[in-house]
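Participant: Chain by chain, the residues run as shown.
2 protein chains.
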Amino acid sequence: MGHRTEESMDTEEIAFRSLSSSNHHNFPHVHKVGVPPKQTPWKEFSAMLKETFFADDPLRTFKDQSRSRMFVLGMQAVFPILDWGRSYNLAKLKGDLIAGLTIASLCIPQDIGYSKLANLAPQYGLYSSFVPPLIYAFMGSSRDIAIGPVAVVSLLLGTLLQNEIDPTNNAVEYHRLAFTATFFAGITQAILGILRLGFLIDFLSHAAVVGFMGGAAITIALQQLKGFLGIKKFTKKTDIISVMQSVCGSAHHGWNWRTIVIGSTFLAFLLIAKYIGKKNKKLFWVPAIAPLISVILSTFFVYITHAEKRGVQIVKHIDKGINPSSVNKIFFTGEYLLKGFRIGIVAGMIALTEAVAIGRTFAAMKDYQLDGNKEMVALGAMNVVGSMTSCYVATGSFSRSAVNYMAGCQTAVSNIIMSFVVFLTLMFITPLFEYTPNAILSSIIISAVIGLIDYEAAILIWKTDKFDFVACMGAFFGVVFASVEIGLLIAVSISFAKLLLQVTRPRTTILGKIPRTNVYRNIQQYPEATKVPGVLIVRVDSAIYFSNSNYIKERILRWLTDEEEKLKRDGLHQIQYLIVEMSPVTDIDTSGIHALEELYRSLQKRSAQLVLANPGPVVMDKLHASSFTSLIGEDNIFLTVADAVLTCSPKFAEEV
Amino acid sequence: MGHRTEESMDTEEIAFRSLSSSNHHNFPHVHKVGVPPKQTPWKEFSAMLKETFFADDPLRTFKDQSRSRMFVLGMQAVFPILDWGRSYNLAKLKGDLIAGLTIASLCIPQDIGYSKLANLAPQYGLYSSFVPPLIYAFMGSSRDIAIGPVAVVSLLLGTLLQNEIDPTNNAVEYHRLAFTATFFAGITQAILGILRLGFLIDFLSHAAVVGFMGGAAITIALQQLKGFLGIKKFTKKTDIISVMQSVCGSAHHGWNWRTIVIGSTFLAFLLIAKYIGKKNKKLFWVPAIAPLISVILSTFFVYITHAEKRGVQIVKHIDKGINPSSVNKIFFTGEYLLKGFRIGIVAGMIALTEAVAIGRTFAAMKDYQLDGNKEMVALGAMNVVGSMTSCYVATGSFSRSAVNYMAGCQTAVSNIIMSFVVFLTLMFITPLFEYTPNAILSSIIISAVIGLIDYEAAILIWKTDKFDFVACMGAFFGVVFASVEIGLLIAVSISFAKLLLQVTRPRTTILGKIPRTNVYRNIQQYPEATKVPGVLIVRVDSAIYFSNSNYIKERILRWLTDEEEKLKRDGLHQIQYLIVEMSPVTDIDTSGIHALEELYRSLQKRSAQLVLANPGPVVMDKLHASSFTSLIGEDNIFLTVADAVLTCSPKFAEEV
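Heads up: the sequence lines are chains A and B, in that order. Everything in the first sequence is counted per the UniProt record's numbering, starting at 1 for the first residue and increasing by one. Everything in the second sequence is counted per the UniProt record's numbering, starting at 1 for the first residue and increasing by one.
Next up, chain A with everything else stripped away, as it sits in the complex (with noise of 0.2 Å):
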């Protein structure tokens, strides 16, 4: 043991031991705080672009190839389909086989329902789930998302676009605008990833997602009841009173008994369905067919009973055929061209948030990296091809998603069998669904956005932080009472906020000695850490940027002038020196600095010594070049806190 003490001492101890050894008025530390050697601005410069752009280091495999590799390698970095099909075996295709033919059955009545919140026909639907997903299966990187029209872009563009052109008094250019902002958000979604401008989504919070995600469920769900109540005359407003007006108000004369009936009994199977899923995780396949089984049934219940002469409303027509082309439908010139571009953005954002959080999710479950960036890129090319090919904007969507992994997918393979059959289906079947009542489409919208209200997430996010919370409820409130754009709005503005005030107003807090250790901790979280006598010890716990410099200062004085006060009302002796804790702080610039330096004048007003602690390189280096350092001596500058106690007060470092 004796040894072992000998051994293990630490820098206290060290300076103290050179101290008594040298002279006893300066006190010397060992360990001088170090500088990183001095980097040219252009290589400090690239570093930084490096570390915010190509932070995943993405050309690493092209190191030190040889060209041919290099052509190789370059073509699979954009097809990854070339790279994991060479290893595609039977045993894969089976898991891709079934999962893609559950998702195709879960994916053909949803995108026909769909396609009414885009206030398009049943068709552009389908045809969203069959030209997307082929060019993701061959540029996407992810092994489990399933790509196809979501519920929540569908509403996003349709009340985007009618906010433009009326869908049914001008069809047409309505269509023609849609596939413009298709195209351009295909663009964006491009553009993001090759300039690898990715981290812009990571603005948009968690909470405020949840928020978002939660009230877009409830406000699609609350479009439904025109469907499913039967209802003829129905606003075009997407807020609850609106919607709630429209409902109560054609209560009397404008329900229809008979598709309610439908509807509600379908609904409940729906629901039950996916009772049964969730209880066992082995009948996954039961919700995921259910849609399609109710398709079929409620279909053939209408063609034997005439219902629809009995007022309810069926699908009646849906074009035969795949996608014709739509790129002289795209306007490239015009006011229609801003206006395409500016809901592509949007539409185009959101559809890469969803997209991006389904492919992480995944990945992580599967333990796959996922690059977000060529990601982007996949997305991206998928929607323009898309927008040429008569899709509106196709993403990952998570109930599909979800299905897509449980059904045991092992690659996108499963997205191009899905595809396949989408595909038969616009050849063939489309007809069937002439009959199809709307009622039942609503039943399937309303039981797939119900897993969109993750309200688990909303009661974790109440427990661990009440901002995050009140961004959460804003977005949500936002969504149900007013639209989806003004929710999109408070999402992103509570969002930026968040970041804005933690840069504005950072923590400060006041250190105390953790008994017998040289350990110097919040006084708050540990309440056994005792102050040092004539010695104020504060920790900032952050960059110190222009944005808070004068907060910092005028905080930190503020914990003097309140510690005085304390000390002068107990009869004890002053402060002598202020010690910051600067391990935290990342960063400083000129306004830093200067406060740095209006806090030193003004303690020295109030003789007192200012002493740092631990700065970091770069802080250090620019502390230098600013010539802060001999402002305030560097021998005022220690390695650790306990070093700075022990020359400030040495008594006390002895004592304890």
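Hint data in this document are derived by calculation from the structure and do not stem from the laboratory. Values in this document were obtained by computation on a predicted structure and should not be read as measured data. All clues given are correct.
Note that the list lumps identical chains together, so a pair holds whenever it fits in one copy or between two copies.
Derived DSBU-like pairs (lysine-lysine); straight-line CA-CA distance at most 35 Å: (1) LYS320 to LYS309; (2) LYS568 to LYS605; (3) LYS566 to LYS366; (4) LYS531 to LYS651; (5) LYS568 to LYS50; (6) LYS339 to LYS236; (7) LYS339 to LYS237; (8) LYS466 to LYS63; (9) LYS463 to LYS63; (10) LYS366 to LYS568.
Here the structure of chain A is known, so what remains is to put chain B in place on it, guided by the hints.
Facilitator: What follows is chain B alone, placed relative to chain A:
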């Protein structure tokens, strides 16, 4: 010494000691990571609100006071003159009198010139130096600021206003819009102060302000070439290219040599005076009265030689008498209401930035506290009153405040003196300015704005922070080559980008043990620090939020991969423990916890254990609430890195 060694033992030793007396497989540690007492959501929320909006605890003096006393204190809070006025004496008056007279002699010629930048008649500049300083003297808390029109705000206001209304063809409307903008500038300032949103102006970084001011100074100087060279046809644009084209295009017929001779003679005189004042601080009054002397001399010269008949442009006419009312001129309805509102917000914010910067600078020099929010209310009130008395936006002037300070001002009474002198000028002297040549005003403005080009600050910014320098130059070139608005937009955008970059790409560093201590530090900063075999120690230098949680997770995994590759090459054993030093992590949100969970799972798949060191109180609280602590195990959370290493690699801790 022996006794001391016993007492000053560090945690590691204590841990080891208790280890040796307990079982060997389960390493206990003495100090648990503290969890602060649970707060109610409301308390937590109100503490956050308090720190954000009432960081300076403005109601502190009101505590435990009687009603009548509180009324007195309230009045004093709104009108600080009631407080400091009671201790005013003759000695102070002497200082204020001299300072007031000096700044008056400086402000009169400047006002006449600056009002031209705002495309207004000369008397409006004088009006703005009469009413606003009076109001400020009663409500403001800075003792050194000199209130009145300033160059940059005048230019900005002039540019923004003439984008809306032509000042020559539609003078009446132009004036009305100017007063409307001034009114809303004041309202903006007052509201920011009342709602305690003063921190918003901190979002404009020091570097951006330096660049913006420098660019504005050059732009203003270039504008003066019109008066200086006696050019009649001059561009309305402010960018350097348009102005130089205008100047060169009129070179062979549009320049007036008499004007140039007068202008350059007096410019030389002013610059020499400035130089004298700079060299000898006691002669500060030389540059202060030089402008007035120039005006008097040149006016006299033109009057006797009748140079105005030979093409030397003169002021011609200034309205006599004090400010007429302009209450009825403010647009409270119509399309210009919104435009005036928008211009007012921009001009008000810039004026505020300037005034608060000046106030803080001089408060720091004389070591008194300045309440930023109260200051804003005072500035806002003064501009609202100003807008009703034919003034345009006034604020604190850099140059005049410096003169005020050097002339020995004691209180805001110097502003009252100045205001009184301007009053006398308006009442009696304005007709005498008829023959003042415009060239003199241009010379005065050029010599005044030169001081705004703070190249020393720019050099310091270059030295300390390259990114700040980019912001500085962006704002500078934006103003010089495009326009003040574009420059301002660049300044604001770059400022925000910097803040957002900080929260998106926080620093992570690898720590090593500094020999013979228990201190773990950045191995780049301290090359002597050694890594612990089988353990990777990473410090995360930021709150973990949605904006960076993915990046942090992936960055840590990349550190791990890099390290493992290195170890594999060297044939050493793999990493078994990943210690994350959490000291700088001030906060975490649901996305952050999610990322930690994913990190934990990824590590488990690599059969490595996640260990946390020193999470702060807020983080600990949230980790508990989300039961992350039970996921990774409470005993994998340590007080210090040293404690964690002792458990993960007891052999290493023992050896070194």
